[in-house]
Amino acid sequence: MRIEDLDFRIDSGVYAPAEDSFLLIDAVNLGRDDVFLDVGCGAGLLTLGAARIARRVVAIDISLKAVRNTLGNLKRNRLEHLCSVMQSDLLGSIPPAALFSVIAF
Numbered sequence: 000m001r002i003e004d005l006d007f008r009i010d011s012g013v014y015a016p017a018e019d020s021f022l023l024i025d026a027v028n029l030g031r032d033d034v035f036l037d038v039g040c041g042a043g044l045l046t047l048g049a050a051r052i053a054r055r056v057v058a059i060d061i062s063l064k065a066v067r068n069t070l071g072n073l074k075r076n077r078l079e080h081l082c083s084v085m086q087s088d089l090l091g092s093i094p095p096a097a098l099f100s101v102i103a104f
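Numbering that gives the first Met the number 0 puts the first residue of the sequence shown at 0, with every later residue one more than the last.
Since the hints were derived computationally from the structure, they do not count as laboratory data.
Among these hints, one or two may not hold up.
[Unchecked claim] Below, simulated SDA-like cross-link-like pairs (lysine to any residue); rule was C-alpha separation at most 25 angstroms, straight line:
1) Lys74 with Ser11
2) Lys64 with Asp88
3) Lys74 with Ile9
4) Lys74 with Pro16
5) Lys64 with Ser92
When you get a sec, could you build the whole thing from the sequences and use the hints?
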């Protein structure tokens with residue numbers, strides 16, 4: 000599947016977002032100085048969109064399948080160097096002092 004200029008795949012067993020979910024990136028007016036947290040990243044649609052704009056992106060999901068799917072989509076689009084992706088239940092792996100300007104949940 001292509002969304003805008005991104006090659007995006009959804010693996011079996013991973014939440015498939017609506018294509019218009021990508022519009023959230025525009026709606027929050029994400030900028031170059033922002034640090035974006037995608038909680039429950041699924042296949043990584045918001046993660047990929049944010050990676051093209053934000054200074055830093057962190058994506059987390061409780062599902063290892065989702066984490067692997069997000070990593071695959073980042074690599075496929077050569078954006079993996081811009082993001083940290085981890086398996087975690089909600090915010091359990093996020094340090095208490097971490098600051099994010101935008102949190103998508």
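Hints and how they fare:
no.	hint	in the structure
1	Lys74 with Ser11	18 angstroms, holds
2	Lys64 with Asp88	14 angstroms, holds
3	Lys74 with Ile9	14 angstroms, holds
4	Lys74 with Pro16	19 angstroms, holds
5	Lys64 with Ser92	17 angstroms, holds
Consistency note: the structure conflicts with none of the earlier hints.
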